[in-house]
Amino acid sequence: MSTKGTQIPEWLKVPFAGITPAPTQEKGQDLFPTGNWRSIRPVYRDKLPPCNNACGTNEKIQGYLDLVKRGKYLDAYALIKEDMPFPSVTGRVCYHPCEQACNRGKYDEAISIRAVERFLGDLGQALAKDVVKPGKPNGKKVAVVGSGPAGHSAAYQLARLGYAVTIFEKSPKAGGLNRGGIPDWVLPQDVLDREIERLVELGITIKTNVEVGKDVTWDQLKKDFDACVLAVGLIDPQSVRAEGEDKPGVHYGLPFLRDIGMGTSKLKLGSRVAVIGGGNTAIDCAREALRQGAVEVTMITVEANPQEMPASPEDLHDMLEEGVELMHGRAVTAVLGNGRIAALQLHPARFSGAINASPINVDKEAKPERFPVDNVIIAVGQRASLQWLPDEFKTERGTIKIDPFGRLGDTNFFAAGDVVQLGSGQPLMVVNAVGDGKRVAFNLDKVMRGEKLEPRTIPVDVIFDLNRMNMTYFPHFPRVKQELLPPTSRRKTQEEVIQAYTEEQAVEEANRCFSCGTCNACDNCYLVCPEPCIVRDVRSNGLYKILVDYCKGCRVCIEECPTGCLEGVPELDFETGVVRMDTAFAISPGLHGRQAEELKHLDERAAKNI
Amino acid sequence: MATATDVKKRMVRINGCVASAQAAKYADVDVIAAYPIRPYTATMMALAQMVANGELDAEYIVADSEHSQLSISHGASSSGARVFTGSSGVGVQFAYELYSPISGSRMPVQMMIADRTLDPPGDFGSEHTDALSTRDMGWLMGWSCDAQEAFDNHLMAYRVGEDPRVLLPQMVCQDGFFVSHITGDVELPDTGQVREFLPPYKHPYPLDPRHPVSHGPQIMPEQGPPLQLERARAMEGSMPVIEEVHEEFAKIFGRKYDPWLEEFMTDDAEVVFFLQGAHAVTARFAIKHMRDRGMKVGMVRLRTIRPYPTERVRQALSKFKVVGVIETNMGLGSVSSGGVLYSEVCAALYESERKPLVVSFMAGMGGEAIVLKEFYWMTEKMLEAQKRGKIEKRTHWVGFEH
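The listed protein sequences derive, respectively, from chains A and B. Under the working numbering, residues 2 to 611 are what the first sequence spells out, in order. Under the working numbering, residues 102 to 503 are what the second sequence spells out, in order.
To be clear, the hints were calculated from the coordinates, so they are not data collected in a lab. Check each hint, because a few of them may be wrong.
[Stated by the list, open to error] Straight line, CA to CA, 30 Å or less: simulated DSSO-like cross-link-like pairs of lysine-lysine:
# : chain 1 : residue 1 : chain 2 : residue 2
1 : B       : K397      : B       : K303
2 : B       : K397      : B       : K488
3 : A       : K107      : A       : K142
4 : A       : K5        : B       : K420
5 : B       : K488      : A       : K5
6 : B       : K488      : A       : K14
7 : A       : K215      : A       : K141
8 : B       : K303      : A       : K5
9 : B       : K456      : B       : K474
One chain only, chain A, in its complex shape (with noise of 0.2 Å):
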């Protein structure tokens, strides 16, 4: 007999055939520590979805999709005002570069990012007192000039802070661009008057009717206050040079839609309009000319076509709905009429290099084109008007010199903005100004906290292509389509030509975001586990908590990820946690000492009378 005399030792004794209590769901498989033949480890590593990514100010797209996907309105509304003071304002307006760069669009299209910002604002709005409190006062004075996107956003952060905080606004009526730039039926005045209020509730004072440079000085800026933004904007319109430029009838773009909208304007347009420009606000501007009382309104564009048109595609679709006509590859070289505007005089132009980005080169050699108009706006963009900044500050370009931190030298000044992103690559749209407010007021502070402004090293991971998740899980589903007002009703009107979404659809809508490398607590890798190696109830590296002493690294979780969070990491990088694989064969009898306590809870479960 071989095994007559043979002893195993207590703490080698396995269980019958090594039949073992079940597993829990809260400590896995307690018995047979297997982790050590795991070579590769799931890690939960949310990366920087690509919306995010894009967004001018970094808002958390991903989370607060998510957290409309459960129904959460108002963490998802408390998450945007993070990173952004006004979403009601965004998710109106914004030229939105998280839609584009949205991985859904690659797959079937972009998720409408901007309608559920709009409807999480909209919420904002409806709330008695807004979720954003101010910071605990640190008793210092910030002057905060200009009250447009940036200047909303650094005074915004600066309050949350803890910053007694100073707006000075030139015109009577606090918004900057929001107001000035952009027409009611794209932004409700309303809308805007309540974001503002917040900021009055965030215990702001906003001083309108004062203007830098005349009415508060650079030296008094300094003097009065610790610190200071300047978020001036570019208020004074470029000119095309043509002659006879300074006939009546001929307007200004963002002057034009600013009158209307602070509600000064006087003027009455004739039939026939013609737009200069082919940007975001020369839209604008036609789409108002027709609700202004138009007839027959042409955009002439130096662009030889709509693609080469520096303006969001969206707002050039409806406005062609509207009616407005396009002449392209022209320039203006006069403003013909004796007193009042007959015509205009056109000549062949083309950018001389990159379109938009050089000079334009205009074919006075071509035999001239009579355009007869009674109105002219001319919107080819603005320029700064800084006479009060000391020399020092300028740059050639005619903008406000900062570091890379949004400081001017080593005072206490910050500028944002336009004024500053002019002439630099950035898009000069609201979220990238709102982006910029937010990154100065931080830089701001630290230089307050007497902290060195250092550049972000940190890399990151942004998910681009869809092989980094498993797109099995994403049936294909169509955007869901904000309303809009039919185009021969809506040109005559100042009515908001956008619908807001309401809350079945923006659930909807929020339902089709992928969450790109992103934990959404969707529960697969619980679910697939083909071990209890994942627990939700204790949660650790992410919303999940992987029990090390027992995953063998088979991978599955990490294949099953939708959202390609899960990754593999090689166990060597790992230092603690796990029993290392050069320990497997010669383990402690510790960890078997825990079986022995199991092993007498087994008998119990044996069957009795056998």
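Given chain A, work out where chain B should sit, using these hints.
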């Protein structure tokens, strides 16, 4: 207590396949895992009829391969069911992966084997290599030599394998054709006798949602040997149980088998055949005939090869002058360069003080019958060796030599 005399028994004339099916029916199996391959298929055909006729209440699962058959059997047994399955030849081989897991998890699955030669080529004849190749996988194993013995062995194997002291799977083997397809008289017992002999199957740790346990979890390398030791203990521990069960079987059914060896005309024999299975029937006849001519020849038939009765084999064979092992199996490149039984015999005799000469006969290969003439020829070879005091060579290929 029912006895062999006062119960309702009946004699039927059936073949080995049907006898096995009848045994499964009498054992009231819960799950049958079937997949066809000749010659054992007739067993599953008979069982299918029984289930269809309502004679037997069992889950009859037609698997998609032998591997699945054994997987189904493993799972069904884990859940506490009494399982019957079977196969032949290459089918036995195809399920090979499952043999160790089933015995390792101590599931008393029963598998009926009607032997078939392994390829090449496709040969329907009997040869024991199919089942013998799995002999060290922890399954109880033995051969029957006729339909009645097959019937009886099935019942006894269930009783031994399901004993809580044992808990091991069993291969109940019979020669293809020679047993599986030749009809013989079989006494079918009274169901009350079977109920008394074979209590319902009860595994101590079945898979049961009310008492959840894990079967077959992964373990640390050093935790493997204790499990192997336990399995070895179970195999050795089955020996007294096998003896007990044979005693009790005799009491209830009236047929007494030696659990290990059948000895035929060995009392004064000087040379003996050592074999398993159906060729013993021809051997008995040949021996009687040779006895009439004064040759002191006998036969020892191995009834249970796993666990291997080493002591009994040594005691039984030590008293002879020459042992002729009839292999009926392939052991290519083995000790004798013939079959595998030779080494089992020699190893058992190694510690004997009186060692007989041992010679191996490759006979009954490929399903060929071992005819009387060949038994005479083999006997001559043994007697020559006895006279010479030395074997001519270890292995003879019967039918290919003068």
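Do the hints match the structure? See the list:
1. B:K397 - B:K303: violated (49 Å)
2. B:K397 - B:K488: Roughly 13 Å between the alpha carbons, so the hint for B:K397 and B:K488 holds.
3. A:K107 - A:K142: This hinted pair is violated, its Cα atoms lying about 48 Å apart.
4. A:K5 - B:K420: holds (28 Å)
5. B:K488 - A:K5: violated (42 Å)
6. B:K488 - A:K14: violated (56 Å)
7. A:K215 - A:K141: holds (25 Å)
8. B:K303 - A:K5: holds (27 Å)
9. B:K456 - B:K474: With a Cα-Cα distance of about 28 Å, the restraint between B:K456 and B:K474 holds, given a limit of 30 Å.
The structure shown violates the earlier hints numbered 1, 3, 5 and 6.
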